[in-house]
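Visitor: Residue strings, one per chain:
Protein chains: 2
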Amino acid sequence: MKKFAVILAGCGVYDGAEIHEATLSMWAIMKQGATYEVFAPGKPQMHVVNHLTGEEMPESRNVLVESARIARGKIYPLSTYDPSGFDALLLPGGFGVAKNLCNFALKGAEMSVDPEVEKALRSTAAAGKPIGALCISPVLLSKVFGDVRITVGQDPSSVEAVEKMGSRHVRTTHGDVVMDERHKLFTTPCYMLDANIVQIGEGAENIVKAILDSLH
Amino acid sequence: MKKFAVILAGCGVYDGAEIHEATLSMWAIMKQGATYEVFAPGKPQMHVVNHLTGEEMPESRNVLVESARIARGKIYPLSTYDPSGFDALLLPGGFGVAKNLCNFALKGAEMSVDPEVEKALRSTAAAGKPIGALCISPVLLSKVFGDVRITVGQDPSSVEAVEKMGSRHVRTTHGDVVMDERHKLFTTPCYMLDANIVQIGEGAENIVKAILDSLH
Chain W
218 MKKFAVILAG CGVYDGAEIH EATLSMWAIM KQGATYEVFA PGKPQMHVVN HLTGEEMPES
278 RNVLVESARI ARGKIYPLST YDPSGFDALL LPGGFGVAKN LCNFALKGAE MSVDPEVEKA
338 LRSTAAAGKP IGALCISPVL LSKVFGDVRI TVGQDPSSVE AVEKMGSRHV RTTHGDVVMD
398 ERHKLFTTPC YMLDANIVQI GEGAENIVKA ILDSLH
Chain U
218 MKKFAVILAG CGVYDGAEIH EATLSMWAIM KQGATYEVFA PGKPQMHVVN HLTGEEMPES
278 RNVLVESARI ARGKIYPLST YDPSGFDALL LPGGFGVAKN LCNFALKGAE MSVDPEVEKA
338 LRSTAAAGKP IGALCISPVL LSKVFGDVRI TVGQDPSSVE AVEKMGSRHV RTTHGDVVMD
398 ERHKLFTTPC YMLDANIVQI GEGAENIVKA ILDSLH
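These protein sequence lines are chains W and U, in that order.
Residues in the first sequence are numbered consecutively from 218, following the numbering used here.
Residues in the second sequence are numbered consecutively from 218, following the numbering used here.
Read the hints as simulated data drawn from the structure, not as lab findings.
Just to be clear, a hint being listed does not mean it is correct.
[As the list claims (entries may be wrong)] Computed footprint of chain U on chain W, listed as stretches where at least three residues anywhere in the stretch have a Cβ under 8 angstroms from a Cβ of chain U:
id, stretch
1, 243-255
2, 258-269
3, 279-290
4, 406-416
5, 422-433
[To be verified] Computed spacing ranges between beta-carbons, pair by pair:
id, chain 1, residue 1, chain 2, residue 2, range
6, W, D364, U, L432, 51 to 59 angstroms
7, U, R385, W, T252, 31 to 39 angstroms
8, W, R339, U, T270, 37 to 45 angstroms
9, W, E377, U, S329, 26 to 34 angstroms
Here a beta-carbon is modelled for each residue, glycine too, at the ideal position from N, C-alpha and C.
Please model the entire structure based on the sequences and the hints provided.
Guide: Here it is, written out as structure tokens:
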């Protein structure tokens, strides 16, 4: 049975992992006969956003502790991730990716990547294993691997940023999966487009299928 | 297009709405050609649980504000719910149901129901519209409507509690949906069983399908 590692960035679209993308990624993995374990970095979120008002809240939450809500408690610190135990790595999106796994939300193309996240990405690639990234997560691949073929959908400023980081952007719509064969990278836009939850499910199913197909 | 109202109880299995059940309910509604709006009561959660350790955290969170994470900000106070705008009402599970929508987690069969939740249930039933409840949510139907035919899966103490509240319990397994024709109630066990996320998706699809079929 093929096994995915899934990296979460908190719990909630505006300051953490996008919940529909995370849930439907785990669902898509298991639906296609594979299994998964969930990881997140054990560090404070960049901030906490009230998802009703969009305003910042004067409190502090931990990325690992909040990600555990999506994982129902079954989650591990990203520092313990070892690609030898997995067949593939998958990163759902959400602003938490751009705020907690890197600082793309603040710095754009000048961003830096969380050291644990960078190590996870580099060690997975070095082991010759595929990496999938949904929504805004492909910016991580762009920063770490540079000249890669990816998609972040159609948003002009995000497209400009990944091109500035040396990547070749492919414009996509709902459910499309872009593959970089050389680096074994798979990307799909999900909520980088104005999508509904069924389209998110299709994106998750398609990227997981493409990754599983590449393993045969 | 048929329209569901979905009531959430926070964001996270141990103190709020169960995230997989909530997400896959919304997905199942839209997948079957219907649409939804999301509601939650604007009040403090009973408590906040660290989902990594299972321990209570010394902070306060609001049910509506946290539910907004699952709804991506598109959510309304339960006080504004009016069944005339909807074809059916759906309640995903999670301990938040037993802690924030009622106090079943503390009181068992002696529980009381949040007044806004009770009003939503009674007004929907009075309008002759169906109500679906996943996981532990059927205890609400048991308390409010009494002599109803429902399932909470197989857990002995939960079964005993709903029987004590005057309901007829049907023992079920993954994906089963129990219908009470007289009250137009639909229930399915989901994570009241030791289920995986694909089985949660099947439970959500089946209960939404049964409700939609009943509308034809």
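Visitor: So, for every hint listed, does it hold in this structure?
Guide: How the hints compare with the structure:
1. Residues of the stretch 243-255 of chain W lying with their CB closer than 8 angstroms to a CB of chain U number 4, which satisfies the three-residue condition for coverage.
2. Three residues within the 8 angstroms Cβ limit are the bar, and the stretch 258-269 of chain W against chain U gives 3, so the coverage statement holds.
3. As drawn, the stretch 279-290 of chain W meets chain U at 9 residues by the rule of a beta-carbon pair under 8 angstroms; at three or more, the given contact holds.
4. Against chain U, the stretch 406-416 of chain W contributes 3 residues with a C-beta closer than 8 angstroms to a partner C-beta. That satisfies the three-residue criterion, and the hint holds.
5. Closer than 8 angstroms: that is the beta-carbon criterion, and the stretch 422-433 of chain W has 0 residues meeting it against chain U, so the requirement of 3 is violated.
6. Distance hint check for W:D364 and U:L432: the Cβ-Cβ separation is about 54 angstroms, which falls inside the suggested range of 51 to 59 angstroms.
7. Range check, U:R385 to W:T252: about 38 angstroms between beta-carbon atoms, so the 31 to 39 angstroms window is met.
8. Between W:R339 and U:T270 the C-beta distance comes to about 30 angstroms, which lies outside the given range of 37 to 45 angstroms.
9. Separation of W:E377 from U:S329 is about 56 angstroms and departs from the stated range, judged on CB atoms against 26 to 34 angstroms.
Hints 5, 8 and 9, counting from the list given before, are not met by this structure.
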